[in-house]
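Q: Required output: the full structure, derived from the provided sequences and hints.
Protein chains: 2
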Amino acid sequence: MSRDRENERATGMGPGVEFDLIRRLVARWGSTAVGLGDDAAVLDVPPGTKLVVSTDTSVDLVHFRSDWLTPGECAYRATVAALSDLAAMAAEPLGMLIAATLQSSLAGDLDALADGIAEAARAASCPIVGGDLSRGDRLSLTVTVLGTSTQPVRRSGAAAGQDIVVTGELGGPAESVRAFLAGTQPAPAHRERFARPVPRLAEARWLAAAGATALIDISDGLVPEARHVAAASGVTLAIDLGAVPVMQGADVRTAVASGEEYELLATVPPGLDVDAFVREFQIRLTRIGRVEAGEPTAAFLEGGARVDLPGGYDHFSP
Amino acid sequence: MSRDRENERATGMGPGVEFDLIRRLVARWGSTAVGLGDDAAVLDVPPGTKLVVSTDTSVDLVHFRSDWLTPGECAYRATVAALSDLAAMAAEPLGMLIAATLQSSLAGDLDALADGIAEAARAASCPIVGGDLSRGDRLSLTVTVLGTSTQPVRRSGAAAGQDIVVTGELGGPAESVRAFLAGTQPAPAHRERFARPVPRLAEARWLAAAGATALIDISDGLVPEARHVAAASGVTLAIDLGAVPVMQGADVRTAVASGEEYELLATVPPGLDVDAFVREFQIRLTRIGRVEAGEPTAAFLEGGARVDLPGGYDHFSP
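Chain order of the listed sequences is S and X. Using the working numbering, read the first sequence as starting at 345 and increasing by one per residue. Using the working numbering, read the second sequence as starting at 345 and increasing by one per residue.
Take these hints with a grain of salt, some might be off.
Copies of the same chain look alike in the list, so a pair counts if it fits in one copy or across any two.
Calculated pairs, SDA-like style, for lysine to any residue (alpha carbon to alpha carbon, straight line, at most 20 angstroms) [to be verified]:
#1 LYS394 with PRO437
#2 LYS394 with GLU436
#3 LYS394 with GLY374
#4 LYS394 with THR494
#5 LYS394 with ALA546
#6 LYS394 with ARG597
In short, the hints are calculated from the structure, not lab data.
A: Here you go:
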């Protein structure tokens, strides 16, 4: 059998330019890609666990700024954005599917894109189990993530008297965008958080095990995410702006409106052992407020007085 | 609580233009949409079954022709294209996620798009369990389908001595595209097959129960699909062109190169009760050839002589 034919057999795909591109991806991904090459992926979901699944599209002009980030960084971020939704449910990654729309001229970037995806996949121990390649005039990635959990944490369990906590430090992405828009380079620490966010998967499972009642990832900004939890739980989230942890050099009002942070916002029983979390993960966990009975909204306080804040990032705001 | 606040609580999403669009979709989908509004969908996979999952992107310029089809038909077809991958594994639908990239100007078509998706979802008894809305300058839909199966049928089980069968009649999509490109209207029966394909889900499960050894849906054309099965199984698929069922008025050579048929190609044990299939589903099931030992390729015969055929639709062919 010829080398081509062996390669076709190994991937379960016949000849063709599209299938050659897929073979190139599969070869590059190595053991990070599992079971590609049939019409669908086949996975085992452990008995006693629920399946958790989410899909997330990153579009050229909205999410990607190729003059700001390398193609590999763009692909890494798009993959993390999806994985972060598994963290938001306290789920354990099971596998991901990558639907990529590529310009023909982008075939040269394919390796860099593949490497960015694989890096995020490997860091999360989440194999690539399927995907789809299309041609279009804009680069776009839709990443679908599958996970499992014995008890997923939703947005709806927040109850009066609980604490509100947030992981890490906010503001890096917002300050990076501000610098890029001004035509300058962001501070390295800010750029690092923008280019290389980390899905807080193990942190989320720790919070779930510690009794978190509501959990959400900060993809659209702390303000709208807090409002989602408030809406779903039917409670007021009273958040002290002064307590919100921000990176050095970042402005707190910009930081709480900033999307794509991929930190976690959680409501937890009072008395949570914050120090144990910090010892385990070497990132901050900060109490920023309390859940109260009342209007289902997020109330932001500064020096005890309520302040009005804009709603954060909205794909469709005018 | 105000009406808005009640609505926010019901969907688990706070205020915002993007979230209003999602609420509008959820309202329009009614009982076809299940459990939307958290960071991820949570599903039960029945014990003893495997999870089957696939993702499929339909991009404006490649898959959609808005001057040929209505927005609702485009969305219906995009959804069927994904569901057809579940059929190709003989899986039972569990749920689907819709990642839509919309131009702002398309908000007016959102209801029609939503209805097309819902029609395909309802016909397949496959609830919409999640999704993502992005803004871009091209309409694009990525549909991820989840299914279950006790024994998924892959491409790799074809063995010498088995029969090759195909469901339905081919050629409608190709003849429709030919007519549209010539600036005329296709024959109504051809247009119907192009605009309203049907995922052969129950038919696939029947074939699996009847012992099908390899199964694939004809999304790229009979020729490349037969080559995929041959490559994955390490056998020759010898197919008699004269036996391939084509619609009245369709040309067989065009039909076997035609993508987006969404009929099934299967290898089955000899002696399969074709009549029982036809009685059950009221569509044709036709023997078109035999699996033979030999080079892993599809050999097309006409009057006993081998003919060379082009490879069918390839997103990335030059």
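Q: Now tell me if each hint is right for this structure.
A: Results of checking the hints against the structure:
no.: 1; hint: LYS394 with PRO437; result: both (12 angstroms within a copy, 17 angstroms between copies)
no.: 2; hint: LYS394 with GLU436; result: both (10 angstroms within a copy, 18 angstroms between copies)
no.: 3; hint: LYS394 with GLY374; result: neither (28 angstroms within a copy, 24 angstroms between copies)
no.: 4; hint: LYS394 with THR494; result: both (6 angstroms within a copy, 17 angstroms between copies)
no.: 5; hint: LYS394 with ALA546; result: within (17 angstroms within a copy, 26 angstroms between copies)
no.: 6; hint: LYS394 with ARG597; result: neither (38 angstroms within a copy, 47 angstroms between copies)
Of the numbered hints stated above, those contradicted by the structure are hints 3, 6, listed in ascending order.
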